[in-house]
Amino acid sequence: MSKYVLEAKNVSKHFTDGKTTVEVIRGLNLEVEAGQFVSIVGSSGSGKSTLLHVLGGLDRPTEGQVFLNGQRFDNLSEAERGYQRNLHLGFVYQFHHLLPEFTALENVAMPLMLREGTHYKQVREQAEFLLDRVGLSHRLTHKPGELSGGERQRVALARALVAKPALMLADEPTGNLDRKTAVKIYELLAELRKEFNMAMLIVTHDEQLAQAADVIKHMQDGIWIDD
Numbered sequence: 001m002s003k004y005v006l007e008a009k010n011v012s013k014h015f016t017d018g019k020t021t022v023e024v025i026r027g028l029n030l031e032v033e034a035g036q037f038v039s040i041v042g043s044s045g046s047g048k049s050t051l052l053h054v055l056g057g058l059d060r061p062t063e064g065q066v067f068l069n070g071q072r073f074d075n076l077s078e079a080e081r082g083y084q085r086n087l088h089l090g091f092v093y094q095f096h097h098l099l100p101e102f103t104a105l106e107n108v109a110m111p112l113m114l115r116e117g118t119h120y121k122q123v124r125e126q127a128e129f130l131l132d133r134v135g136l137s138h139r140l141t142h143k144p145g146e147l148s149g150g151e152r153q154r155v156a157l158a159r160a161l162v163a164k165p166a167l168m169l170a171d172e173p174t175g176n177l178d179r180k181t182a183v184k185i186y187e188l189l190a191e192l193r194k195e196f197n198m199a200m201l202i203v204t205h206d207e208q209l210a211q212a213a214d215v216i217k218h219m220q221d222g223i224w225i226d227d
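Its first residue numbered 1, the sequence shown is counted upward by one per residue in the numbering used here.
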């Protein structure tokens with residue numbers, strides 16, 4: 001079994017608009033070991049969010065290969081990539097992407113409810129446990145519109161953890177929060193990573209918040225600038 005939970009080999013991503021081709025990612029290599037915390041730092045437009053989408057199977061690379069738990073991931077069908085994401089990956093975004101018509105409890109439970117053979121009682125217990133773990137046991141029945149920005153992001157964290165992923169991918173998870181709340185979310189992320197023994201890959205423009213990572217990669221114009 002591979003020691004890497006995620007591995008990218010010579011990954012590039014190009015977009016074509018008419019006769020113009022834009023190279024967003026150019027020949028990147030990356031390894032994330034089990035339990036490791038990796039941060040990717042770059043300004044807006046550096047390509048870091050596109051890279052995260054490719055690594056998480058939300059998009060395919062134009063060139064190169066992506067491996068998840070030692071198995072080729074990028075060449076799977078869209079349905080199979082979705083299945084593997086649900087099993088092994090958790091996602092947190094700058095804008096939480098919670099479903100507004102559902103409660104905090106229902107939002108957290110959703111990834112497990114999508115699996116066949118799941119039992120609602122077990123799913124509910126796991127979702128309640130995680131909401132309690134992120135300090136929201138008193139918000140189970142509240143919908144996203146009734147929560148603060150920090151509370152919504154905590155619900156998103158609980159949702160990302162409910163399937164007990166091997167790797168959490170986070171795209172500017174504190175970019176929409178004030179500084180004080182952002183620091184609290186980062187501290188919680190670091191704590192939960194150790195508690196759940198998972199790897200974590202975060203992309204951010206905030207150098208200070210990225211310093212807690214085991215490995216820090218700096219990205220500019222689609223390439224690493226510290227290699």
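These are calculated hints, taken from the structure and not from any lab test.
Hints should not be assumed to be uniformly reliable.
[Said to hold, decoys possible] With a straight-line cut-off of 30 Å between C-alpha atoms, the simulated DSSO-like cross-links for lysine-lysine are:
id	residue 1	residue 2
1	K3	K194
2	K143	K180
3	K164	K143
4	K184	K143
5	K9	K19
6	K3	K164
7	K143	K9
8	K19	K3
[Claimed, not checked] Here are the simulated distance ranges between beta carbons:
id	residue 1	residue 2	range
9	D221	E31	18 to 28 Å
10	N10	E125	38 to 48 Å
11	L87	K194	46 to 56 Å
12	H205	D59	12 to 22 Å
13	G135	V22	34 to 44 Å
14	T20	T141	28 to 38 Å
15	H205	H97	32 to 42 Å
16	G27	E146	13 to 23 Å
In this text, a Cβ means the ideal position worked out from N, Cα and C, and glycines have one as well.
Now the hints, each set against the structure:
Among the hinted pairs, K3 with K194 is consistent with the structure: their alpha-carbon atoms are about 17 Å apart, no more than 30 Å. With a C-alpha separation of about 23 Å, the suggested pair K143 and K180 falls inside the 30 Å cut-off, and the hint holds. The hinted pair formed by K164 and K143 meets the criterion: a straight-line CA distance of about 23 Å does not exceed 30 Å. For the given pair, K184 sits about 22 Å from K143 by alpha-carbon distance, which is consistent with the 30 Å threshold.
Restraint check for K9 and K19: the C-alpha separation of about 28 Å stays at or below 30 Å, so the hint holds. The suggested pairing of K3 with K164 holds, with an alpha-carbon distance near 18 Å, which does not exceed 30 Å. Taking the CA atoms of K143 and K9, the gap is near 41 Å; set against the 30 Å cutoff, the hint is violated. With a C-alpha separation of about 42 Å, the suggested pair K19 and K3 falls outside the 30 Å cut-off, and the hint is violated.
Remark: the range hint 18 to 28 Å for D221 to E31 is upheld by a beta-carbon distance near 22 Å. The supplied range of 38 to 48 Å is met by N10 and E125, whose beta-carbon atoms lie about 44 Å from each other. Between L87 and K194 the C-beta distance comes to about 22 Å, which lies outside the given range of 46 to 56 Å. At about 21 Å, the CB distance of H205 to D59 agrees with the hint of 12 to 22 Å.
Between G135 and V22 the C-beta distance comes to about 42 Å, which sits within the given range of 34 to 44 Å. Take T20 and T141: their Cβ atoms lie about 50 Å apart, and the range 28 to 38 Å is violated. Separated by about 19 Å at the C-beta atoms, H205 and H97 break the suggested range of 32 to 42 Å. With their beta carbons about 46 Å apart, G27 and E146 fall outside the hinted range of 13 to 23 Å.
Going through the hint list in order, the structure does not satisfy hints 7, 8, 11, 14, 15 and 16.
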